[in-house]
Every structure is written in C-alpha cells, then in structure tokens.
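Q: The hints should help you fit chain U onto chain Y, whose structure is shown.
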Amino acid sequence: MGSLFRSEQMQLCRLFLQTEAAFNGVSKLGELGVAQFKDLNADMNAFKRKFVNEVRRCDEMERRLRVLYKEMTKHGLTAVEASHEPETPQPREMVDLEAKFEKLENEVREVNGNHDTLMTNYRQLIDLKSVLEITERFFKPGEQNANVLDVLTSDEGTSAAAPPGIDVLAHAIGLNFVTGVIIRKRIPGFERVLWRVSRGNTFVRHVPIAQQDADAEPKSVFIIFFQGNRLKTSILKICDASQATLYTYPEQEGERADMLKSVVARLEDLDKVLDEMRKHRERILLTVAENVMRWMVKVAKMKAVFTTMNLFRPTHDSLIAECWISIFDLDRCQQALRSASEMSGSAVPPVVEKVPTTEAPPTYNRVNKFTRAFQGIVDAYGVAAYREVNPAPFTIISFPFLFAIMFGDSGHGLLVTLFAIALVVNERKLMAKRSDNEIFNTFFGGRYIILLMGLFSVYTGLIYNDTFSKSMNIFGSAWRANFATPADNGSIPGWLVDNKYVQLNPDTNQTAHVMLIKHEPYPFGVDPVWMVSINKILFSNSFKMKVSIVLGVSQMLFGVILGIFNHTYFRRPINIICEFIPQLLFLTCIFGYLCFMIIYKWIAFEGVGESAHCAPSLLIVLINMFMLKYPTEPCSAVAFYGAQQGVQTFLVLVALVCVPWMLIPKPVVIYLQRKKQQRPSSYHNEAYSDTEPANGHAIDGHEGIQLTNSKQPEAVHDVEAHDVEAHAGGAPAAAHGEHEEDMSDVVVHQCIHTIEFCLGCVSHTASYLRLWALSLAHGQLSEVLWNMVFKMALSMNGIAGAFIMVPLFAAWAVLTVGVLLVMEGLSAFLHALRLHWVEFQSKFYVGSGYLFQPFAFAAIVRERLDEATRTKPE
Amino acid sequence: MDSLSFNINGGYLEGIVRGFKSGILKRTDYLNLVQCETLDDLKLHLQSTDYGNFLANEPSPLSVSVIDDKLREKLVSEFEYLRNHSVEPLSTFLDYIRYSYMIDNIVLLITGTLHQRHISELIPKCHPLGSFEQMEAIHVASTPAELYNAVLVDTPLAPYFIDCISEHDLDEMNIEIIRNTLYKAYLEDFHSFCKNIGGTTAEAMCEILAFEADRRAFIITINSFGTELSKDDRAKLYPRCGKLFPDGLSQLARADEYEQVRQVAENYGGYRTLFEGAGTNPGDKTLEDKFFEHEVKLNVNAFMQQFHFGVFYAYIKLKEQECRNIVWISECVAQRHRAKIDSYIPIF
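Chains as they are written, first to last, in the numbering used here: chain Y, 1 to 874; chain U, 1001 to 1348.
Isolated chain Y (complex conformation) (with noise of 0.2 Å):
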C-alpha cells in the first residue's frame, strides 16, 4: 500500500479486450474502482461511437424507470431500498428489463389515461349534478334571488308579486339564460368580456361549486339572462373561449327530477369503477416499488459501461482501452479481467500491457475515511503535482494544533469534542441517511477533524489553564499571598486591609515566611493565581505572542525542509544548491536566531533582582542588529551575552548574501546548460527532468503482460505492432508536454520567487502572530460573556438570585454554543487554513497535479440514486 507521503505510482496500461469480453471486463474493473480510463476518441462525435446505441437504450429505460418512479411516489408508495447491491447485468439482459419496463410503463400509462377519461367523465357528472342543484335555487323565489327578480321586473315594469318560478317568467317576458360551470378564477376575465360585448344587456350570477377531489380546479355554476338571438351566439363563443362548459336545464320540473335521479344513479357506478382500477394500479405501482430501486441501479451500471467503452478504441474484433492504474493494483485489475473473460467464455485471453509514456500520470492518494477530509483540505488548494511530497500528514497533527492554539479552552473544546465524538460513533447510521442538508454535510464530512481539533482544544484549554474562561486550581498556586508576620497573630495585617492592589514578588532571597511563591513551578499549564491578577493579560500576551512565533517559524522551516524532499526526488540538485540552502540559511539567520532570543529570553532572565530590569527587549534587539547598532543605553538594549555584536553582524551577513545567492546563479547555470546543448535534440531543462523518474520507472516495465500461461503468439505479435503505433502516437504528445520555457521567463520568474520568498518570510512570521490575536479574542470573549451574564445571576443575593439562574444560564449557553463555538471555531478554522495553505504550503508545494478518478460503480449509483429519488413530483 502506499503512503500518503507522496501520491502512488501510477502507470499507464493498454488493455486489449476481446468484444463480447469488454462488457464485463470493464463492469469488473467499475466494480474495482481501480482505473481511469483515457477517451481514446476525443475527436469523435459523441454520437458516432460504437456503443452509443446502447447508452441510449439506457438512457430510455432510464427515462420509463423515471416515469414509474414518478408515479409511484404520485400515489404515496415509497421504494424498497435494494438489500444489497446487484450485480451489472448481462448485456444480453437488456432485452427483457427493456419488455419490462415497457410492459409496466403501458399498463401504466394506460391504466391512468382510463383513469382520466373516467374521471373526466365524473367531473362533467358532478358539474351537471351541481348545475341542476344550484340553478334551481336562483329560480325558486327567496332571499338570495331577491335582486334577480328586481332586476327582471323593474326592467319590464311588471310587479313583482311572486310569480310562480322566474323561469316561466323569464319566458314570458322573452328572456333567454344559458347555465354552465366554469374555472373559478375566470370568472372576472369572463363577465368583463361578456358586459363589453353585450355593452352590458346580460346578468350573470354564479355560484361556487363545494370542492369534491383535492385535483380539480375549484369551479363555480354560472347563469347568464339575456335577450335576443345574436346575443346568444357572442355568449356561446365567449363560453366556448374562456373555457366554460354548458350544460342545458330541463325546464319542467319533472325532467329536472329525473334528470337529477339519473346522475346520482351514475355517479354511483362511476365511484365503483374507478375504485377498482384505483386498486388495479396500485397493484402494478406495488411491483414497481418492490424492484425500482434495484432496477435502477442496474441500468445506471449497464449505463456507465457503455459509456465507458466508447472512450475505447475500436478494431476488427477487440477494443483497445487505456488507462491510468496504480501499480498495486495492477495484479487486482488484471485477475478481475481474466475472471471476467472466463465468465463471458471468449477463447482470446485480455492483454495488459504497460505503455511508457511521459504524460504526466494523475495523482491518487489512497485515503481512508479518517484521512479524507485532511486530504480534502490539501486537494482544495491544489492537487499535488504526480509524486510530490503531499503537504497531507502533517496537516493531520498540525492543522488541529494550530486550530487549538486559537480555540484554547478546554471547556468549549470538550464540547466540540462530544459533538465530534457523536458523529463518529453514529457514522454509519447518518451516511446511510444521506441527508441533503449541506451544512450538516459539511460537518459530517469533516468529523474527524473536528475530533482532534476538539481533543486539541481541551489540551492547549488546560496549558491556558482557561475552562469556560475560569482557571482551576488543582496542584494548588504556586504563589502564597502570605503577608501576615508572626507578629500579627494570624490575623490580616492593618496595612494590608487598606490596600487595594498587592504586588506579589518573585524574590527568592527572603526568609521562608515572607517569600511569597514555592520553590516548584505550578506543574502544569499557566499558574491559576494569574486569573485573579490584574497583568493576566500583559502576561498572557507575551507568553502566547512568543509561542506563535516560535512555531511559526518551526512550520516554514519544517516546511521549507520538506522541499529538499522535493528536489532529490525529481531529481533537481540546481534547486538544492541555489534554492533549497539559501532559504534554510535565510530563514534560521533571521527568525530562527529570533526563536533562540526568545527560548535564551525565558531561560536566562529571572524574574528578580538587576537582571529583571534590563531583560532585552527582543523587537529593538533584532531592529539594530540589522542596523548594526549596538548602543549602551537603555539597559534593555544592551548586548545581553558575550559574543553577541559578532554573532549577530555574521547572521545578517549570511542573510544578506542569501538574497542574491538565490537570484543570480539558477537562470545563470540555466542559461550556460542551454547554450551547450544548443543542438535540435535540446530538450534538457527542468520540465523534462521533472518527468524523468516516471520515464525510468515506464521503461523498466515495458513488456506486455500475459495474462494467460499458454502463451499465444498472435497476440505477443499484436502487441508489438500496436507498441510501435503507440510510439508514433506518442512522439508529439511528448513534445507536447516538454514545453521551453524563454529565458527571459526564467529570469523573471527566479526574481519573483526571490522576492516572495524573502518577504514571505517577514510577512509569514508576523502573519503567525494571528495564533496569539485570536487566542487573546477568543479568551476575553469568553471572560465578557461570563462577567456580563452569568456572573450577574451568581451574584444575586437571595431567592431571586435562583429564579434569575434559569434565563440568565440559557443565555450564556446559547451565546456560547453561538457566538464562541460556531462563530469562533469558524474563524480560527478559517486561520488555520489559511496558515497551511499559505504560510506553510508556499514553502515547498506547487499542486499543479490533477486528480485520478477512477472509473468506479460506487460513485456513479450513488449519484444516479440521489439525482432519482430527489426529483420529487411537483
């Protein structure tokens, strides 16, 4: 297996497969996951290929398993999730699970236009029904047809003493009506149309139908009066227009009662029949719940196949495919062919062989579900180019590390702990829910980070000594505020009851009882007794301003050691020489010297006594030594060792010839190599040697593989015309990818690469100090929200004190989930990102490499499932 040093080493493998022997050939290698497969057609259309018949027979079943799905969820059945996953099926498969979509989508399919008809039918039933029932009140004298006879009445002049029904009057007096039923929310555009062409001669009244089935579209019963022929025929036409439908109502009484009758006799049998093939259906849909899933998989494998193989080359009997492999999986890949070929029973064993190439291969880094999400966090910035030192490892340690340095409190990363530890433990059971909430998901995916951040967080908590902003006092202070003499009596000296603020000091020269701290520092962490001093903060800065820096500068200097790895690996002893010793020397010359200022800092001065005055002060110390000051006053700028005026003059001195030392040489040394081999075959520069070990490693194996231990010559001798092919083929790619760089170029670059390097290293170092500014905010932000909230319910006398408790303890639980955990753990993660990708990644890592994806069933169902069941009906 390989490391996640450095990416795995991939080789580039032709494989020959024998037709019928392709099929299942490459649905063994998807089911692998282990090959990225090159498209040997690219200048192909896409609907030229050998194979595009078939991906659309997928496609088409692909679509009627849609329209099932899509029918099934309509009528409230969900699918059965496959117990396990199905095999690809047989190409010869494709036949019947085509019949059987078919069949099913046509019974379907025929079922619901029966369906329809039936309840359009029903509708039209329940409409007239409505007409009859609803237009018999407008007729019958009451309340609510008081104004329809006003109207008629006034308008002809004759009194309205209760005519027997205003139909026989509307007849009398030559009125016509039409009933019908139309769309509710027509109805405005409608009786606008109808009173501007009838210039207003019409009454209209409509009446809303009471809703039956939750799909039709609510409806209203609608009267019109009107007068005259021509009229009529302009009603039907806006009728017919806006989509009304008429119905005729029986004038006599009696042929309303029959006609009323005979519907509800209908409606009835209606209601049977549709209820039985309700039930028909959902028989059908049953079945199609059952299996759909499995269905689905299946063809999105058959899918993926075909797709697959049209990248493949084709010949008079065999397709010819190529792809990128890792070498331990090459032995896997080529079983998974031979079983495969036995399986489909073809007489001419696959071919493997190894092609050399000098395309630069993808980058594969086996992950496991612990490392992904720091690989993630690498591959976000760049893929590391083909075998480059993968920035990854390292991330796993440092990356919580630096995050805790911000996060320090031991409190909240034990909370962040649990959370973490929550998610690992109900892993399982959360994937296999495959939530689609993105924020969620995102957390999910970086759980493992989390964990460790969380773990790191409690770690620096306690070396802070900080637990929701509270120290704990557990080896007991190491300072004694022991003030009273013997003299006192035990009791608290006068002078001292006065006094404010007590100064604590340090001295050990004084007799036992008055000397104010232990000999042993506290054992572990920061002494609590800081939390009640009121230089916590002056104290706490300083310790954690120097800590940033010091591993700061640990970090690029590790980082700018991992490039040597670098450099011998590809081969570039130019880049060591002129690159790789001038940065080391540059970076420990300045800051690393700076590093030991503060480690000699700690160690040499006490915190007592003459020395405690005139402890240098580091900034001025390194601001004159580039000065090459050394002055004698004041006293905290003096030399503070011997050799110091000497050593430092050397360092800067160092330093400064580094600059140019990693200017000049490289485009010289460059430029005379170009001159030598000013002859056609002048490839050498850095991009070839950068593909050289992958070239010595290609031509090691150049040999076909045979994968059967009967050799047969035809194939040996197959092989050997398609090696030749493939070494005309791949001269101009080769020259391709050997791109010359202009001189001038290389000049500019090297500037630009001198330039940032000298000042990423002042800019990084100082951009480390982000460790100590987000530490110190998370800190006092945690200590405001203790003293502004729930310290005012700890110091609230009496029973009301308990009650203001409950509210008071909500808010600061929520404001510190809020406002500390998420905001802030944001934040500092977002530092400790930006830590890594620039200040550390910059010192040795180019991530110019591209990603293998291997051709892989997993990921292809996963996605053809979630893209299935997400389209909901609307």
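Every clue listed holds true.
Have a look at the derived ranges for each label pair, beta carbon to beta carbon:
no. : chain 1 : residue 1 : chain 2 : residue 2 : range
1   : U       : Arg-1254  : Y       : Ala-46    : 51 to 61 Å
2   : U       : Gln-1306  : Y       : Gly-445   : 33 to 43 Å
3   : Y       : Glu-85    : U       : Val-1066  : 27 to 37 Å
4   : Y       : Leu-830   : U       : Thr-1049  : 36 to 46 Å
The hints are simulated quantities; they were obtained by calculation from the structure and are not laboratory data. On a predicted model such as this, the values are computed, not experimentally measured, just so you know. By construction, the Cβ of each residue, glycine as well, lies at the ideal position given by its N, Cα and C atoms.
A: Structure of chain U alone, referenced to chain Y:
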C-alpha cells in the same frame, strides 16, 4: 441610466442574462449538429450543451414539434425568471418585449377564426410569451371595432389599436394592415420608451429598433407589389423611428418595383451591403436571411456594453434565432434533406 447605480436593481439580472448568453450555441456546436443523422443524435449532442437534459423525459422517437416546444418552453421559463425578478423600469421594458409576441398571437387568432378554425386548435399555436388573459375571446369579434371594444381595450396593446378601428371588416388584407399598423405603433412606442430611459440603453436599443423599423418598411414595400394596397395606405404602415425616416420612407412610398427599393437602400451604407449580397438564385442568401444576419450582429453588439437593458432584448432575440436554427436543422435532419442544412444563421 446611471451606471453607478445600475447594479442596485439590474445587476443580478444582467449577470444572469450574461450567463444565459454564454450558453448560446457556438459555431462548433452547429458544426456538430449538422452532422447528426437522426433526431436522437441531435438530442445526444444537445445534452452536452447548456440545454442539458431538456429532452430527457421525451420518449423516442422524437419529432421536430416536440423539440420546438421544448426549446420554446426553456426560453419562456428563462424570460419568466427575468420578468419575475425585475423592478421598474426594467419590468416595463421586458413587457414591451412581450408585446410583439402578443401582436403575433392576435393576428394568428384572427386569421384562424377567419378560416373557421376552432379556437382550441389555435391556442396551442400561440407563442406562450405573448399569451394574455382575454386572448381566447378574440374569435368573438367580427369587426375591428368589436375586437377593440370587447377584447383589446383591457390589454396594453389598446393604444396601438386605435388607428385600426376605422377598418370595416376583417379580411386577409385588413388583417395584414392591422398587423402592420399595430407593429408600427408598437415599434414607435418602444423606441420612444427606450429613448426616455436614456443612457446606454437608449444607445443600444434605438440602434436595434431602428433596424427593425427599417426592415419592416422594406419588407412591406417589397411584399406590397402586385397587391391592391394603395401607395398612400402603404406609406401609413411604415414605422417612423428608423434611419430611413423621413427621406427614405418617402422614397419607398413612391417605389413600384424591387429595383427602386434597392435604389433607396443604396443611399444608406448599412443597408446597401444587405441588398448587394442578396439574391433568389440557389446558393445565394435571401434578403430575409441577410436581414436576420444583420439583426444577429446588432444583438451581439448589444453585449459589448454594460449597465443597460439592451442585453435582455438582445438575448431573447438571439435565443429565438437559435431556436429557429435548431428547428431548421432538425427539420433538415428529419426530412433527410441535407442540401440546405447549412442555411442556419450562426450567432457566435
């Protein structure tokens, strides 16, 4: 239009429309499309473009009308998205784009009714961009006055229709006159609307609308030869917002044959070249195609400037042209009539 504040209301939509624009098929896409042998090939290729899966749920075999419907559906959904997210004055501007489709629909319905077609058979043929509430009631009307009073008075097209009320009955000739009068009023109104918006919008849109107006004037003139339309009536139909106004239009009004129209175009640099290359011989491009090409060029030019509404108009028109192209190619593919398959008008 102030470019400083344009993005407050229009920035998002302009971004969207520029994104849509980059999905317009390129020359290479067309080269691939014309090589298709069946409509399924066409579908396969369109899948790899911005159209994506728009035909995925259609059962094979495909028909050209299905493709046409789906193309139109996509354009309409994009337009509706823009319209729903727009605020004044952009929303009015987008409504103006809609009016031309409404005019087409009205004319289609009147003609259909005249030929005794049933309304339910005509409605699906209407362009969905130009559908409006009272549309179905059009067949009630038998005279222009009725049409106006019953139907159009509630639509935004009412002011354009005033000039047509005087016509007495609806026959083929009058319908054409109504169509052109409506168009004329519409173009002039749109032109002045864009001018009022001012700034880059006016600059870009007036150029396009002026060409549209002139194209109509040319086409009306050419088509009127040999009909009973009098010269006076004809002159009334010319939109007066193009470059031909006023001299060119008065010359056109006097023209009696194609050659004279050509003479008029001679005086205008932009149009001379269009007439020069056009011909009716096989292999030549028709004048109509020439006009389309010029329109595409103008619309593409609208994208050269930022912070204006012209891009919305231009996008809709370009997309429409693209739909025409795809339908043309599909027709050629479906009828196995490959000789003329290359007569589409490439956009980029």
